[in-house]
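What follows is the residue order along each chain.
Number of protein chains: 2
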Amino acid sequence: EEHLAMANMDDPYANDPRRHPVLVVRTKKPFNAETPTSLLVESFITPTDIFYVRHHFPVPDVDLSSGDYSLEVIGLDEKYSLNLNLDQLKTAYAPHSVTAALQCSGNRRSEMNRVKPTKGLEWGQGAMGNAVWKGARLRDVLLAVGITDSDENENWHVRFDGLDTDPTSAPYAISIPLTKAMDPRGDVILAYEMNGEPLTRDHGFPLRVVVPGTTGARWVKWLTRIEVSRNESDSHWQQCDYKSFNPSTDWDKVDFSTAPAIQEMPVTSVVCDPQNGEKVKLKDGKIKLRGYAWSGGGRGIVRVDVSVDLGKTWHVAELVDPVKLSKQWAWTRWQANLPVQTTGQETEVWVRAVDSGYNTQPEGMEHLWNMRGVLAVAYHKIKVSVEEN
Amino acid sequence: EEHLAMANMDDPYANDPRRHPVLVVRTKKPFNAETPTSLLVESFITPTDIFYVRHHFPVPDVDLSSGDYSLEVIGLDEKYSLNLNLDQLKTAYAPHSVTAALQCSGNRRSEMNRVKPTKGLEWGQGAMGNAVWKGARLRDVLLAVGITDSDENENWHVRFDGLDTDPTSAPYAISIPLTKAMDPRGDVILAYEMNGEPLTRDHGFPLRVVVPGTTGARWVKWLTRIEVSRNESDSHWQQCDYKSFNPSTDWDKVDFSTAPAIQEMPVTSVVCDPQNGEKVKLKDGKIKLRGYAWSGGGRGIVRVDVSVDLGKTWHVAELVDPVKLSKQWAWTRWQANLPVQTTGQETEVWVRAVDSGYNTQPEGMEHLWNMRGVLAVAYHKIKVSVEEN
Ligand SMILES: [Mo]
Ligand SMILES: [Mo]
Numbered sequence: 002e003e004h005l006a007m008a009n010m011d012d013p014y015a016n017d018p019r020r021h022p023v024l025v026v027r028t029k030k031p032f033n034a035e036t037p038t039s040l041l042v043e044s045f046i047t048p049t050d051i052f053y054v055r056h057h058f059p060v061p062d063v064d065l066s067s068g069d070y071s072l073e074v075i076g077l078d079e080k081y082s083l084n085l086n087l088d089q090l091k092t093a094y095a096p097h098s099v100t101a102a103l104q105c106s107g108n109r110r111s112e113m114n115r116v117k118p119t120k121g122l123e124w125g126q127g128a129m130g131n132a133v134w135k136g137a138r139l140r141d142v143l144l145a146v147g148i149t150d151s152d153e154n155e156n157w158h159v160r161f162d163g164l165d166t167d168p169t170s171a172p173y174a175i176s177i178p179l180t181k182a183m184d185p186r187g188d189v190i191l192a193y194e195m196n197g198e199p200l201t202r203d204h205g206f207p208l209r210v211v212v213p214g215t216t217g218a219r220w221v222k223w224l225t226r227i228e229v230s231r232n233e234s235d236s237h238w239q240q241c242d243y244k245s246f247n248p249s250t251d252w253d254k255v256d257f258s259t260a261p262a263i264q265e266m267p268v269t270s271v272v273c274d275p276q277n278g279e280k281v282k283l284k285d286g287k288i289k290l291r292g293y294a295w296s297g298g299g300r301g302i303v304r305v306d307v308s309v310d311l312g313k314t315w316h317v318a319e320l321v322d323p324v325k326l327s328k329q330w331a332w333t334r335w336q337a338n339l340p341v342q343t344t345g346q347e348t349e350v351w352v353r354a355v356d357s358g359y360n361t362q363p364e365g366m367e368h369l370w371n372m373r374g375v376l377a378v379a380y381h382k383i384k385v386s387v388e389e390n
Numbered sequence: 002e003e004h005l006a007m008a009n010m011d012d013p014y015a016n017d018p019r020r021h022p023v024l025v026v027r028t029k030k031p032f033n034a035e036t037p038t039s040l041l042v043e044s045f046i047t048p049t050d051i052f053y054v055r056h057h058f059p060v061p062d063v064d065l066s067s068g069d070y071s072l073e074v075i076g077l078d079e080k081y082s083l084n085l086n087l088d089q090l091k092t093a094y095a096p097h098s099v100t101a102a103l104q105c106s107g108n109r110r111s112e113m114n115r116v117k118p119t120k121g122l123e124w125g126q127g128a129m130g131n132a133v134w135k136g137a138r139l140r141d142v143l144l145a146v147g148i149t150d151s152d153e154n155e156n157w158h159v160r161f162d163g164l165d166t167d168p169t170s171a172p173y174a175i176s177i178p179l180t181k182a183m184d185p186r187g188d189v190i191l192a193y194e195m196n197g198e199p200l201t202r203d204h205g206f207p208l209r210v211v212v213p214g215t216t217g218a219r220w221v222k223w224l225t226r227i228e229v230s231r232n233e234s235d236s237h238w239q240q241c242d243y244k245s246f247n248p249s250t251d252w253d254k255v256d257f258s259t260a261p262a263i264q265e266m267p268v269t270s271v272v273c274d275p276q277n278g279e280k281v282k283l284k285d286g287k288i289k290l291r292g293y294a295w296s297g298g299g300r301g302i303v304r305v306d307v308s309v310d311l312g313k314t315w316h317v318a319e320l321v322d323p324v325k326l327s328k329q330w331a332w333t334r335w336q337a338n339l340p341v342q343t344t345g346q347e348t349e350v351w352v353r354a355v356d357s358g359y360n361t362q363p364e365g366m367e368h369l370w371n372m373r374g375v376l377a378v379a380y381h382k383i384k385v386s387v388e389e390n
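These protein sequence lines map, in sequence, to chains A and B. For the first sequence, the working numbering assigns the number 2 to the initial residue and increments by one for each residue that follows. For the second sequence, the working numbering assigns the number 2 to the initial residue and increments by one for each residue that follows.
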């Protein structure tokens, strides 16, 4: 099937790269696929080839040897601008590495769809991963085009354009607050490496923005243009997507201008192993549970609570990966061995996390429901059949 | 009664100041009292004389004319230290004004106590207020004792001692992260004015720390000592109080070292008018609701949702006070005129808020319950009797 597609040159997706067969495909064109959660929990760093992929359009194919690729950087005044090829970016700015989780705004949407259908990809819990990113600090590049630390620019934005374009040739484009870009503790980088290798095409080769603590929609891939602006991006994706509303707001009456673009994401947690509907064997009267937890804004996970009795008793899970209270961009895996009384029947497992700002998750998806199905961050609740060993 | 107390010089509280009679007293010695919420919602700035008061000990009585008062500031190295009287602080450092809400960690505890009793003051929803604070930037003072913007000190703390002391003469003492103190956008000040007047004794005369976006326990009153330290404060209040645990953790088995000290507080919202149990008159088939909403960390309130049908329908409330997405330290009042079908019976009103990080509130207090009764930030739910006009 992929071979046939690649032969068809009328198909704008014909030149998309090959993908790892383990990815769970949600749509083929554009390609959108997630990692099985049973694999996600196996390693702190998610391998690149099984990392979730979220595309809006066909995948750009950049040939660095052609000399066609460049990054344009425009300060507020057009006089202060830069045009860099990848080698120039790498040599002019000190490389900086950041370990950060990337999460789609719509991760866990399928759980929200059980309340009522929403509009978006049917993501499970695998539209998230954790990687090491390396690149130039955006702060350094912006200083070079004359942007300063100043109260005057505190509401400005930095706009990013990708090489991927919609059918009208408009590039995928969004923006982030300039304060995040300029924050010496913000760790925003222009990344040319993921997990120690050059970016793959599916992850933005040759350059993507990494905005730690912030939703995936802002991490523009195939980055080709940066512009500092007094206003946020006026793109469709900034203005009329990746926003949330209350459950009583639907497509016929929504006013997108009333909600801010999602930047930082709220605290979330997931049971990765076992999965919903699985049969699990008791071991010494206990079941073993494993998963991940994460919060936006650099807030670390300070506690993960698990319950196997509908919240009557909460057990504190062990945090597998080290955490800091701030600048904690990476996720934290957790595990718990919990006693279960009842065997031969279904047990419901609940997990919820608390971040270093003591934010925690809402109990259910019902009141979080929004027409776009974003920010599905309620307790993760699964049912498993517990069997005697 | 107050007169008798003042005459009794064996009573350490005998010299406490007089208070406004409208304050709702929770304990007299030490004095702890909150503002009636019906008054809170009347003004963006809470008048000083009805602002909630939360003391641990008797109120210090500083006589500036005696020359006894000074502020000691110690950098990491004792060589770099300062000793300032109030005039010196005022003249050496540019004044900076900040409008910021102050909230007790235990605000709304009485709602949590309905699940199961906790240990703490029986606060309603009035252990919170909003004021204009003016003083010296702590950042400027710390720069003067040799503290720099550096990655090296990112886990350090700034310790504060008050003049109020426990029976063993240990001062009330806590600490905040140095990164918050040094953040040029953090707005931490050493305040000598509240609402345009010198601080009153009940609010820390002559000097208190204002830590916008952070819980009240960190806003040390009657400030007399600041010390930069590699570690957070080892005081009782830092280590063994103002922390939260899960509902299954109780006093007999708690390990305080496993939880971080509360700094930033999560998003909250309250219906101030009408109050729980009140009779309200329908006007054109609608009831009028008013309240406040706030979030920690400078996150602005982007939406307040109100429901009068147990969450089946959510109405977006009008935000009365202007909001920013970041550096929004002040609260936001909201109001809504909602149609109510059923009269002559009880109607339940729910409110919940969303902040600029898209954090929202958990539905109920049950799973937020913690032995100390802090961070009671679930939906505010009240019952009112709706009557035809
Ligand atoms: Mo996304
Ligand atoms: Mo407090």
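Think of the hints as simulated: they come from the structure by calculation, not from any bench. Remember, it's a predicted structure, so these values are computed and weren't measured experimentally. Fair warning: there could be bad hints in the mix.
[Stated by the list, open to error] Derived CB-CB ranges, DEER-like: (1) B/D150 with A/D235: 52 to 62 Å; (2) A/G68 with B/P96: 51 to 61 Å; (3) A/N232 with B/A145: 29 to 39 Å; (4) B/V324 with A/L311: 54 to 64 Å; (5) B/D150 with A/E153: 16 to 26 Å; (6) A/I46 with B/F257: 27 to 37 Å; (7) B/D150 with A/P13: 44 to 54 Å; (8) B/A145 with A/D152: 46 to 56 Å; (9) B/D235 with A/L311: 48 to 58 Å; (10) A/E389 with B/E367: 28 to 38 Å; (11) B/F257 with A/T314: 39 to 49 Å; (12) A/N16 with B/R231: 47 to 57 Å; (13) B/E389 with A/N338: 51 to 61 Å; (14) A/F45 with B/D251: 26 to 36 Å.
Built from N, CA and C at the ideal position, the CB exists for glycine as well.
Going through the hints against the structure:
1. B/D150 with A/D235: 52 to 62 Å: violated, 34 Å
2. A/G68 with B/P96: 51 to 61 Å: holds, 56 Å
3. A/N232 with B/A145: 29 to 39 Å: holds, 38 Å
4. B/V324 with A/L311: 54 to 64 Å: violated, 37 Å
5. B/D150 with A/E153: 16 to 26 Å: holds, 20 Å
6. A/I46 with B/F257: 27 to 37 Å: holds, 33 Å
7. B/D150 with A/P13: 44 to 54 Å: holds, 48 Å
8. B/A145 with A/D152: 46 to 56 Å: violated, 21 Å
9. B/D235 with A/L311: 48 to 58 Å: violated, 39 Å
10. A/E389 with B/E367: 28 to 38 Å: holds, 32 Å
11. B/F257 with A/T314: 39 to 49 Å: Violated: the Cβ-Cβ distance is about 21 Å, outside 39 to 49 Å.
12. A/N16 with B/R231: 47 to 57 Å: Roughly 55 Å apart at Cβ, these two residues keep to the hinted range, so it holds.
13. B/E389 with A/N338: 51 to 61 Å: Given about 59 Å between the Cβ atoms, the range holds.
14. A/F45 with B/D251: 26 to 36 Å: holds, 33 Å
The structure does not agree with the numbered hints 1, 4, 8, 9, 11 stated previously, though it agrees with the rest.
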